[in-house]
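*Asks:* Taking the hints into account, I'd like the entire structure generated from these sequences.
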Amino acid sequence: MNELLYGVAYYDEYMPTERLETDIAMMKAAGINLVRIAESTWSTHEPQNGVFDFTSVDRVLDAMYEAGIKVIVGTPTYAVPTWMVREHPEVLAETPKGLGRYGARQIMDITSPVYLFYAERIIRKLIGRVCAHPAVIGYQIDNETKHYHTSGPNVQLRFVKYVREKFGTLERLNKEFGLDYWSNRINSWEDFPSVVGTINGSLGAEFARFQRGLVTEFLAWQAAIVGEYKQPGQFVTHNFDFEWRGYSFGVQPDVNHLEASKSIDIAGVDIYHPSQADLTGKEIAFGGDSTRSLKGANYFVLETQAQAFPDWTPYPGQLRLQAFSHVASGANMVEYWHWHSIHNSFETYWKGLLSHDLGPNPTYNEAKTVGADFRRLSPQLANLRKTNRAAVLVSNEAYTAMEWFPLPGRKFNYNDVVRLMYDALYELNIECDVINASEAALDKYDLLVVPALYAAPDELLARLNEYVHNGGHVVYTFKSGFTNDNVQVRSVTQPGMLSEACGIQYSQFVEPNNVTLKGDPFEVGAEHNQVHTWMELIEPTTAEVLAWYDHPHWGSYAAVTENRYGQGKATYIGCFPSAAVASKVLERAAKAAGLWGADQENQFPLIVKSGVNDNGRTVRFYFNYSDASRSFVYPRQEGRELLAGDSVATGQRIELARWGFVIIEEG
Amino acid sequence: MNELLYGVAYYDEYMPTERLETDIAMMKAAGINLVRIAESTWSTHEPQNGVFDFTSVDRVLDAMYEAGIKVIVGTPTYAVPTWMVREHPEVLAETPKGLGRYGARQIMDITSPVYLFYAERIIRKLIGRVCAHPAVIGYQIDNETKHYHTSGPNVQLRFVKYVREKFGTLERLNKEFGLDYWSNRINSWEDFPSVVGTINGSLGAEFARFQRGLVTEFLAWQAAIVGEYKQPGQFVTHNFDFEWRGYSFGVQPDVNHLEASKSIDIAGVDIYHPSQADLTGKEIAFGGDSTRSLKGANYFVLETQAQAFPDWTPYPGQLRLQAFSHVASGANMVEYWHWHSIHNSFETYWKGLLSHDLGPNPTYNEAKTVGADFRRLSPQLANLRKTNRAAVLVSNEAYTAMEWFPLPGRKFNYNDVVRLMYDALYELNIECDVINASEAALDKYDLLVVPALYAAPDELLARLNEYVHNGGHVVYTFKSGFTNDNVQVRSVTQPGMLSEACGIQYSQFVEPNNVTLKGDPFEVGAEHNQVHTWMELIEPTTAEVLAWYDHPHWGSYAAVTENRYGQGKATYIGCFPSAAVASKVLERAAKAAGLWGADQENQFPLIVKSGVNDNGRTVRFYFNYSDASRSFVYPRQEGRELLAGDSVATGQRIELARWGFVIIEEG
Amino acid sequence: MNELLYGVAYYDEYMPTERLETDIAMMKAAGINLVRIAESTWSTHEPQNGVFDFTSVDRVLDAMYEAGIKVIVGTPTYAVPTWMVREHPEVLAETPKGLGRYGARQIMDITSPVYLFYAERIIRKLIGRVCAHPAVIGYQIDNETKHYHTSGPNVQLRFVKYVREKFGTLERLNKEFGLDYWSNRINSWEDFPSVVGTINGSLGAEFARFQRGLVTEFLAWQAAIVGEYKQPGQFVTHNFDFEWRGYSFGVQPDVNHLEASKSIDIAGVDIYHPSQADLTGKEIAFGGDSTRSLKGANYFVLETQAQAFPDWTPYPGQLRLQAFSHVASGANMVEYWHWHSIHNSFETYWKGLLSHDLGPNPTYNEAKTVGADFRRLSPQLANLRKTNRAAVLVSNEAYTAMEWFPLPGRKFNYNDVVRLMYDALYELNIECDVINASEAALDKYDLLVVPALYAAPDELLARLNEYVHNGGHVVYTFKSGFTNDNVQVRSVTQPGMLSEACGIQYSQFVEPNNVTLKGDPFEVGAEHNQVHTWMELIEPTTAEVLAWYDHPHWGSYAAVTENRYGQGKATYIGCFPSAAVASKVLERAAKAAGLWGADQENQFPLIVKSGVNDNGRTVRFYFNYSDASRSFVYPRQEGRELLAGDSVATGQRIELARWGFVIIEEG
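Those sequence lines, one after another, are chains A, B and C.
Just so we're aligned: 495 in numbering that gives the first Met the number 0 is position 496 of the first sequence, and the numbers increase by one with no gaps anywhere.
Just so we're aligned: 64 in numbering that gives the first Met the number 0 is position 65 of the second sequence, and the numbers increase by one with no gaps anywhere.
Just so we're aligned: 583 in numbering that gives the first Met the number 0 is position 584 of the third sequence, and the numbers increase by one with no gaps anywhere.
Read the hints as simulated data drawn from the structure, not as lab findings.
Because the structure is a prediction, the values reported are computed rather than measured.
A portion of the hints provided could be inaccurate.
Repeated chains share a single entry, so a pair holds when one copy, or any two copies, can fit it.
[Unchecked claim] Straight-line C-alpha distance at most 30 Å; calculated DSSO-like pairs for lysine-lysine:
no., residue 1, residue 2
1, K281, K410
2, K124, K174
3, K27, K174
4, K261, K294
5, K174, K69
6, K96, K410
*Replies:* Here is the structure:
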């Protein structure tokens, strides 16, 4: 990749009138150099079983090539045609809600051989046709793939074989999952009940893991088929996404991104986020750090918002800020979903770069400046290498287990704890990786943040203890270490094996009600000194207590502790603290880990990111994530501000407009 | 009609003990001169398949006739007997929620030939039996008919034929509905999926229109059967109802009242409304204006509340106020649902004129005064003719389309916009018609108010532009003109063709967050100067801007505009304003349209209505919709106050008790 | 019984490692002298159809016997094994939600002969095996039995036969239930529709009564089987439970406790309650008074919380307070659910006396003191006899009827009214029985409190009138007497036959909105003088009015009245009052009934309970239900404080620590 890609998803098929020439002219004017096509329109490309029509693909490829716009072709397998469902209703996934209904996308059983047969055929027809076309630079397999909760009898059958393979005997399964409880014990494989109604969290979590495995398997199967056609220089990618709360919030429950990404060449991602006054850059950073960490390499933002919804239509300047924030996190592509707003159906109000009138508008006009800057600054900004010394360790298994055993009140889930910690790092300008719990190479980090690692195998806890012993720094939150990989609560003093490195123990936990940290030890003020939702009654063994609870009966228990263990240190937060307290604890840990420096002279909303470019030069971004102008003193080596071209001296005061930013290449 | 009808729904069948004689004596004492019977008790009249028993009908008819009380006989088809469901479970409507269950009323498939066979038989048996009885003055067909969401395979099949008839080719259907999107394209009629699961709003809205057509068809079928028996002087009516929010709120989503009313002789309506401190008369006026406008004639209030629920039990005086408010809107009948409170089942707490003890009570006692006044004043108050110069244009299509594409937050729907505008007119004492979007004769109005006309054919928008060009005044709200009749967003600058008459354009819209109108241009005060939920970023072309947004980024866009176009004027409200702002905009438009006069010297809670009676004299009603006494200066020609019989001079100050009113006949 | 039993539910089957010896040693150290076993683990005891394995039962019985710990053996019938559901899916109850799914407990059709066959076999196998074991003192049949909403075709068929048996003719059924309404009339038994969809509250309530009968029948069937094995001195018990609101709130809707308890020897109960700052003792008292009243005898607390949830983990002292509160209500057993916390599945966070680490912890340590005191004080505290002069009369029928006809807003149900009145008595230290509406012996009480007796047969109302006439005192609340046993509203002036004793009548009722009691007649202050939710417009006939409504239109109606009738008095509360007003009304009634005395010198949070022990001595408990220390003047005869052994003089001031208590044996 020798340039930044600035793209849009493009649907010639949806256009109300013939527009291809006009669209391309407008794209060129905006610096768009990439389009993604074909991933949503199976029913157009195969109007009847075995009848194919790639007219719209052919004409778009030819026109884009002529215009010098690169193309990613998507396999159109995430939305099935009506004829398939009419012929074979069984391709619809049976879920805990019952049999499926035709209408929405992503409703099929991704294990159905009927579906797989037709999917393979359309993939081979389409990819075989386009792979030699000079416009095509790569492929997106499927789209935001998940398992869609498929759990019909065929899936249950595979699951039974899977657990038999994994556990060997029912005796072991019954023991690990505690199935004697409430007479759930299974004494013969034939008796295995559908998991749909289970009240056993161990069994339910195992099924969720199995379902995530189906996604991994499905993507690997698609990647292998596409791989047969892939030409030298072409890539296969996929657009992963996140827990959806109306925007991209946290760890995706239904996919193990690390496992699923192994079959693709370049990790891709969809990132949608609040905007206007609520734009913070946090989701851009979290999504980027997560995706970059999958392969330790630059990644594609395959979808992000242009205008989208009424509350996401960007303020002037925000579209630019967002685009360069992606690049600063290591993205080599920023692609909007989508080019033009759609005139019918479900996503009519999910607007693209063009409004429904398909003419220029303020957002499109701002995109033109992004496109120009991407083109001009590609030599300096493409392929940014990032080497972070901090990481946040996340876990699908912990997420699922905490869904089965939710925090009191069900107001917060696993991802709220992840984001509490991640966001605190972000606001402190401590750039980090977001790594999977199965990640082996911990040693390259000086600081690990481990939120709510509620379910984890002994092996992982041992590895984390060893990491500390060897000089690493870990900050754990409450709930970590509580259950094993089978969501069985450890029958030792908590937090299980982590007690050793953390120098603490507890056997009781309560729900705080008007509880604060005694004496406001982190000096955050009364408003931020409250703990909520969860508090463990911690007794230090070797740990130093950083905060005690202020409570008439539980004032003798610790809330936050720190322990020297071997060459390193382990911090433990035994309650759900405020963001301010989380920040102070991380500040202390980061200082101890040697991670406190020039970047920390500024904090959110002034965000600092950096990387090393192909020329070996460090590039530093300073973003103003606020609606007021703001200045800062540049603390680094002298360099050149890339947007304006001015040279910048160490110690120079730099002004940032509201939602503005500068990019400084050192040296 | 030469008298006001004062009626009750009467169910001899429900009585705990023999009461007919007592009931009639109490009715006579209260001036009740009409009862409606038989519409709810099919299982009593046909206890077994083909076995008929009209004992209760016969005896009630005879007794009522003897007492001089007129009778409307209802066809008992809205609640099916147990034997029918046992014999033919398929008469229950299959809906998106699944197969039906016996229990409630209005659960059948109104297209089922089994149901239609039995319904026709009971109608012919009942109406054939009673039509010559001298007590019978007319018939109510069915009861609050709707389609009950019937959508089983038989209905889907008819729908496919209907769309084929309407659109001709799938090519056109796919294009108009945008079915390429998410692979929803239908390439063969056999592949047409059930609409139940669709995510395509165009398809869904078409199905809703088709379902409304089933209601029109069903009522026409019943009216034709009853018509075979109808004697000279007898009428067929039906009780339409409204969007139900615990009371009659707005446009009925599931019935096209205008189309459905074509097969009946006199339009009828059910109006239920808040009471006690929340009584405003708004629902009485909205329901009355809507129903009167169906045929441009007097109408029947076939159901309204006597005591009803604990929170609706009227304060002293309110029952009178309500009854005469109906008459002032052009009703020739006020009928309570129902005579006596029921001692079992679902509507036990929906009390009638009598409480469960079946004796006199304060509400019944107040009804006696209404009955006496109705009888005495019928010559002056029956057949009031109303000629309004303003109208509110409403649309089932806009309602449905906005259900598919709801306002952000889903707190407000189409009817909230309708009522925002209607209620403002009501409070200003600008009487109006409520007309259907397909209404051709716009020229008779000086002022049209068009709330949220979100879906409309080009033809209608052209007609509205022409109306303005010819000298009419229109006030539009946001969302008008946005999509066509197929709920396809127009691909021109918004508000589509309305841009021409309104002199504005916009291509972006956002969700306001703490946005006001710059400088409080309508002088409504800070509290009322906020806009909420929706704001279009309007640029005037030829329009004058009445209000700008106050916003750090969007302050250059217009919120409310006014444009001279030809001989008329078009006002456009681009955001969801407060009631106070809506009122000010309407005041300005009304003044421009020459609609500001003596009635506007008073405003809500002092409500003014008027009409011309059979003697050609103007009758004016002044209602005090408040819990405090109130006075006003009578601004019209001298006349006679009909209740007290006093003469009234121009300029005379008149006192109104709390919840009181006067009726003045001019001349 | 010559000792207090201090027990735990024990599940050897759930233990992660071999622990029996350790567990028993820890039990002994805590004074545990009872365990309940086997009621949850059918799948362990019968791993395959007809294959039995009672290893864990045998070894636990032997080990417990050796340790001197008594055992209650439960029949394991409330949770069915997987093999049964695989072989016979029809054992799962079909409910209004559809067919059942395997997974949770209590999902079977308790009328299924398949289920009953297997249940009988396991009962005979298990109980036959253990009945002669010297450790076994009794049996718990099933567990918290309810009908689980079973309502499939077989249950419907039985129900039709049941109503035919009860009503004789459809004519009578149609009349009593008002089935003419909405064409629900049933004219042939074959047409009887499934009750699942009914909108007729009379029919629905009858079905609920029928379903409660199924529970009675099921428990009698089990008790008879177990009775065949029961040895002299052994007992059969069952753990009844309550309306569940996250804790034991009020009358159990699905079981008629009085009827169901007839087949067992000793009434048992499960009581769970809020804790920490929310601990009041109210649920302990309500549950105890309810259960003791079933047989007029001491009862077992078969389940109550040790630590349970994060918000229930007791403050220091609370476990003791709770245990002795049970005893003070007449419990002869306090048994925790359960011994050890479970490491998997649904109730992982419902912790036992031991935490998941299975070691000592603060709660366990406090239990040790309870066990020691129970052992030491058994001669003084076992078999306490309680003779209360007040009673609260409750009714399953009233509960169900008020579910069908809920209070406006649905915020409060029948049990809220029950608890309003019960809690007021509790706070006044007026100990009471909680008796079933069918209880014949009312004369033994001086004061009856009758909350919301919404459905009741004439016979009961007559009996209540007679009770007053003979000198009794009754306090009724609103809604009492309104409908008969068939939930048919009485067609006389309300409150029906109660009018006579209460000296009042009303025919209208409204929903209060900012309504107070005129002049604050109970001197409770503005905050507590509001009425809410419901107000009846009462006119006194012979009654004295204790409070009038303050309302601009309804100020002439009474809110609270009192009437002398014969030798007694009837008080009627016509609205939903504050707790403060309810307390004042009850205080007045208690004084009139001669129930005001020394115990009333203190009020909640200082709670007084008493009873007479086997030595014929009165034992008085003074509990401090608050987080602050508190003192009181001892007003009774001199005696000995049993915990400390100190003698106590009349008039002596006694200090109570926060959550502390004393027990004084008089004489």
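*Asks:* So, for every hint listed, does it hold in this structure?
*Replies:* These are the hints, each one checked on the structure:
1. K281 with K410: both (21 Å within a copy, 29 Å between copies)
2. K124 with K174: between (50 Å within a copy, 25 Å between copies)
3. K27 with K174: between (64 Å within a copy, 28 Å between copies)
4. K261 with K294: within (8 Å within a copy, 69 Å between copies)
5. K174 with K69: Intra 56 Å, inter 28 Å, cutoff 30 Å: inter-copy only.
6. K96 with K410: both (23 Å within a copy, 27 Å between copies)
Hint compliance for this structure: no hint is broken.
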